[in-house]
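Heads up: the sequence shown begins at 42 in my numbering, then just goes up one per residue.
Quick caveat, the hints were computed from the structure, so don't treat them as lab data.
Possibly wrong hints are sitting among the right ones.
[What the hints assert, rightly or not] Derived CB-CB ranges, DEER-like:
#1 Gly337 <-> Asp581: 50 to 58 Å
#2 Gly59 <-> Thr218: 32 to 40 Å
#3 Asp48 <-> Arg336: 22 to 30 Å
#4 Gln387 <-> Glu136: 40 to 48 Å
#5 Gly337 <-> Phe199: 18 to 26 Å
Please read all numbers here as calculations on a predicted model, not as lab measurements.
From the three backbone atoms N, C-alpha and C, an ideal C-beta is built for every residue, glycine too.
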Amino acid sequence: MAIRLIDTENLMFKSFVGSSVPEYAILSHTWGPEADEVTFQDMLALSRGSEHPKRHRLGYRKIIETCQEARSAGIGYCWVDTCCIDKTSSAELSEAINSMFKWYHDAVICYVLLSDLDIGDIRDLSLIRKCRWFKRGWCLQELVAPRHVEFYDCSWNFLGSKDDLSSQISNITAIATHVLTGQVPLETLPVAQRLAWAAKRETTRTEDIAYCLLGIFGIQLPILYGEGTKAFIRLQEEIMKQSNDRSIFASQQPCGNEWYCSLLAPSPEYFTHSYNLVHWGDTVYQGSAYALTNRGLQFSETKLYIDYRSGLYLLPLNCILSRDAEIVEGLLLQQVGPDLFARRTQRPDFRIVNQIMLNSSKVPSVVKKGIYIISQLSASIQADLRLADLYAIQLSSDTLRLGAGYEIVQVVEGSTNNNRWDVARMRFLTRGCSSFEACWKLYPSRDSRLKNLPAGFTLDPCYVLCAFTKGGSVKGMYLSPRVAVLSQAEWLDLERKNGTFKEIPDLVIGDWHEAPTLLPLEFRAGLSNNLYLHVSHDLDTKQKLHRLKINFGQH
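Modelling step: build the complete structure from the supplied sequences, incorporating the hints.
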């Protein structure tokens, strides 16, 4: 896009493109009353020499003073946002917003006018903390983008350069001094840290809090006013297309009364805690890829750490809140459907996160799989998630340790419903699917409490199969839960006859409503004792949850 500059000698506009753009100064300021500011059309009228009411307004004085400062520094052109953009053209305004960061970056010098500061004879530079300029959203990129910045008070008294004032500015803005002085490329900083810079800044229009961040992330977006907080969501979605930095999910959103919250934050204010956040571990681009789909955020494969106590999963975000504190960030997830997860509102247990990131010997169990995480939660989706456990099949035991580290229960590969298995809560999330069928393989020999059996016992694996079958008539259909238990020998015999199962055959399904099944496990001949697997079923009619309890005993 062409840049329209003001000739500092005659105050006339001139447009330039590409390599023909000359050296220019640029102004950063906070707008006064709209009636005082000089627009593109006002400037054209003033350049024709006609008498104009704005010739005596503060907005025109800003332009004159900027030109004088630039001219005295030997700079022939300057740029001022109030008049160098024709805001009556939506196309030009959109292009200008997407080009703004580059224009500030390319300027020879940026003059910051603190119009609400009169330093006078006191020279107390601590007063700059109260200036509006440090609270305005658009002024963020005007601070970060240009290499050379000079600060002035309302009377154009020089206060110091950005380098001179970097410590004070850092204390005000929470932007590190090495970032302010250009020693660190912006793209190497965590996404969450850069979003945090705008956390306490304000814009007149809601959408501008997203648009003022475009250049900081090297992003271009269509400029749409009227969409409110969706603009910030669009910004995050665009960032995710260019970076796999997981810190973008490190927002701390309000809990309210809901169990779940959206993956993406509606505003930078939810990143307030991330000012000092830094990457942890591998280079960002060496991490797992993810992409936004119409089912949510997709990880083709990632590690999830299991917290069996809460029945939740932890997705490490590969960043820590600060180098000193070493408080690790993680995302707490609950499975709500086939390979589908939702973000829980509560914060993760930092002890568990730290165990993971610091390679502690107490690291929880881990599952590596492809998942989807719901990105945005509407009221209707929240309501639907309350039904996620409808007709779930819960596996429990009084004699077998089914939780962390024991690996006693495995889901048999090949079933089309394996993606419904929620290992953190030991349940299949069936949602009453009429075609549901699945199978567990049990390894009783891995439980230490079954080690002290009489010598000679061989605790071979066994199989527990479950399914729903349709019953009733067309007018009154219902689902009937069914179960079967097979020894390893019986399972292998079925596979020899039928081949490897892709679906659980009807011939091995029994009725859960019949008496509990007793299955004698294989043992060495000559022993009088038999070891049995006892399977019982209980239906929680209130929660519509099937509880399947498996226990071993002698009979």
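Okay, the hints, checked on the actual structure:
{"no.": "1", "hint": "Gly337 <-> Asp581: 50 to 58 Å", "verdict": "violated, 29 Å"}
{"no.": "2", "hint": "Gly59 <-> Thr218: 32 to 40 Å", "verdict": "holds, 34 Å"}
{"no.": "3", "hint": "Asp48 <-> Arg336: 22 to 30 Å", "verdict": "violated, 55 Å"}
{"no.": "4", "hint": "Gln387 <-> Glu136: 40 to 48 Å", "verdict": "holds, 44 Å"}
{"no.": "5", "hint": "Gly337 <-> Phe199: 18 to 26 Å", "verdict": "violated, 53 Å"}
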